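Quick note, the sequences are listed as chains D and E, same order. Read in order, the letters of the first sequence correspond to residues 1 to 365 in our numbering. Read in order, the letters of the second sequence correspond to residues 1001 to 1402 in our numbering.
Simulated from the structure, these hints should not be mistaken for laboratory data. Any given hint could turn out to be false.
Interface residues of chain E toward chain D, partial, derived using beta-carbon atoms under 7 angstroms [to be verified]:
1) Glu-1155
2) Gln-1157
3) Tyr-1207
Nothing here was measured: the structure is a model prediction, and the numbers come from that model. Every residue, glycine too, gets a C-beta built ideally from N, C-alpha and C.
Listed below are the residues making up each chain.
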Amino acid sequence: MTTTPTYDKALTLCTFCPSLCLHTCPVSNAEARDSVSPWGKMSLARHVEQGLVKLDDEVAALLYKCLGCQACQQFCAHDNPVGPTLFEARARAVARGVTPFPLERFVHADWSADEGPIAQARDAERFETAPAFLLLPGHQTLRGAPDTLADTLALTERLGAEELCVGEASRLDVGYDLWAAGFHKEFAAVARRVQQALAASRQVVVLSAEALFLLRHIYPQFGAPIAADLVHVSEYLLSLMSGAVVERVRGRVAYHDSCHLARQLNLVAPPRELLRRVLEDAPVELAANGANTVCCGGTGCLPITSPATSREAAVAVIELALERGAERLVTFSTECVAQLRDAAGDRLEVTHGVTLCNQAIRGEG
Amino acid sequence: MTTSIVRPVGYLDELRRIVPTEQIEPHATAEGARGGSWAVEPATQDELVDVLKWANERHAAVYTRHPRPGDAERCGARPRIYLRGRRMQRVGDVDIVSGTVTVQSGIAMKDLHDMLAERGFTTGFPTRPWRQESLGAVLAAALDSHWGPRYGAMEEQVVSLGVVFPDGTSARSRTAPRKAVGPDFDRLFLGSRGRFGIVYQATLRIYPSAQREVLSYGAPDLATALEAVRTSLEAGFEPRAIEIMTPAPDRSWGRKRVGLTDELPILVLVEPWGAEGGRPIAMVDQYFSSQLTRLEPPVGWDVHEGLLPPPRAWTAPVVGVRWSELMALARELGHDVPPGVWLVRLSRHGGFLSLASGIQGSPADRVRFLINQHLPTANGPWHVILKTLKDQLDPRGILNPD
């Protein structure tokens, strides 16, 4: 693989910087190791590129200590894209046959049509083979926060948007983990398959922040642009909820910005606007919020490659919420919900924003 | 009248039990001094620990610098130990994968940089001004902004430290991001002038060797120089480093060499990011050339060394000053800018100002007045914190007593 000027430039910028973004990285904060800091990983990738360090499994594994959350980029004087560059470094390692983690760990089979939330949707007559308005949950939603899918269907039914249905495409994994892990050849095949499956839809409402980011920004790079209108569930619900009668939910509710939503999809305002419509009091802002949010560790395939580190990052977000005296933590990313629930345990209730909206509509506030 | 002299022979014997005889050098003045004075060269961390434990038992004063004339008088009957680091120069590890080098603190900066240069690497510290000083001395010096790394601070270059406390206990900081572990252990010792502990080992970041490009300009007065810098920052240039300086009085040859004249007495140094980031070098040069006069110092000649006293001679305080104060100072000084003014790390907020020691005259007094205004007051919270720390870590006043 040839070295592109952008890749080289990004690596060089980091390598000669004294790691001023160190404090922003959730991974280096969790592991407390300099070699997993943005500087450490980028320098290492450059050393590999320059032939100063031999690429082996141990070295390549360090490249997987990145969430791709772009917190460091937010802080960088040069807006250096550390996450995408490290993901590119992973792909280069894979292309050279160095795969510290086997491919099988990043491949997720199609979700069964006969069990779990997809079967429930079928029972509720909200399943069509190829609907015009498709609800796409994403693999992480089906696995980690299946209740969110049921809540979305219930809520949209109440709001008179029954045209939004689950379809055959809803069972597919969009391939985020494959892409993030650097298995680009396999990811390209998945992307083409998902592109075909979504071809009949006019609008795709996406629950997973990772999936939406991938469909909007990465699929076109792999020659598989999605023709349908891609919207996040918070954007979709915002218009539906405008005239709805709700019983506002009480309590001290904090909002956690998903890094994909806030930084990569620039969706900071819609989730807050929705919460303001269904909450008695304004949502509590965490110390790190909006574009400066802290990643919960649930992305970048870190839960697969370094589960303990990933959990530590989630604990840090829970601590931020507890520090603000929150009784409940809400987020609009299903990856975050699954991750934060696991880290919070009994200390804090973690729910998806859709669940909260559903409660307000049903008068369970 | 006769004076009774206590011969410190017993102390020397005790020291010989801790370190080999060849690592102890009695000072000539020891015979006449009441407590005795020795230069001691520990070769290992254990020896250093034992020396400090012995010092605690004997209430000795342990200095990490050369002897000074007033020491004997200050210490009275207390024995004095002057530690030398020349036997603690071992390189523990050069880890390119982690991007770090771990070395003992006695290594001279030149030796450290030469060793790294063989592998194509360097540290974040300037390679020239400190070359004869030991790493420990550099880390303990409170001159970070002026003689330290040109970009970022010393703290960013130091990944972890091994420290022996005044009571002889030791600790090693973990390689951890500041945010992850609460208060930064390393910061207690960096720039502390050896008041709280002795750094015996340090892990530093290393970088691939690369060439820096520094552009030099002359200005007729401080106001013009500051205005050019301020407008460049507002225009979004933000180079890696910007400095403004006037040569020290005894550096007339350097002044001539760099191209400064009576009409252009102020030097402005601008270091662009380079080809990889920030604005292109040609664009930065074009901008500053339109505001100031481009100078061409000889290639490879170190401007700082040629124009300013060396780091060890730079004992003047360094303070952070805001733009409004800098501009007011420049207006007041007009064309009478004193020699030895050094303003570094200019940013949107201001810069770090210092004036070389011994400069006389009313313009120098005006600069010194501004610097003194920013110095912490003798009974202010900063002094209270330092005193409390010193009392806690060194209750018997063993290490570098004032």
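Right, here's what the structure says about each hint:
no.	hint	result
1	Glu-1155	9 angstroms, violated
2	Gln-1157	6 angstroms, holds
3	Tyr-1207	6 angstroms, holds
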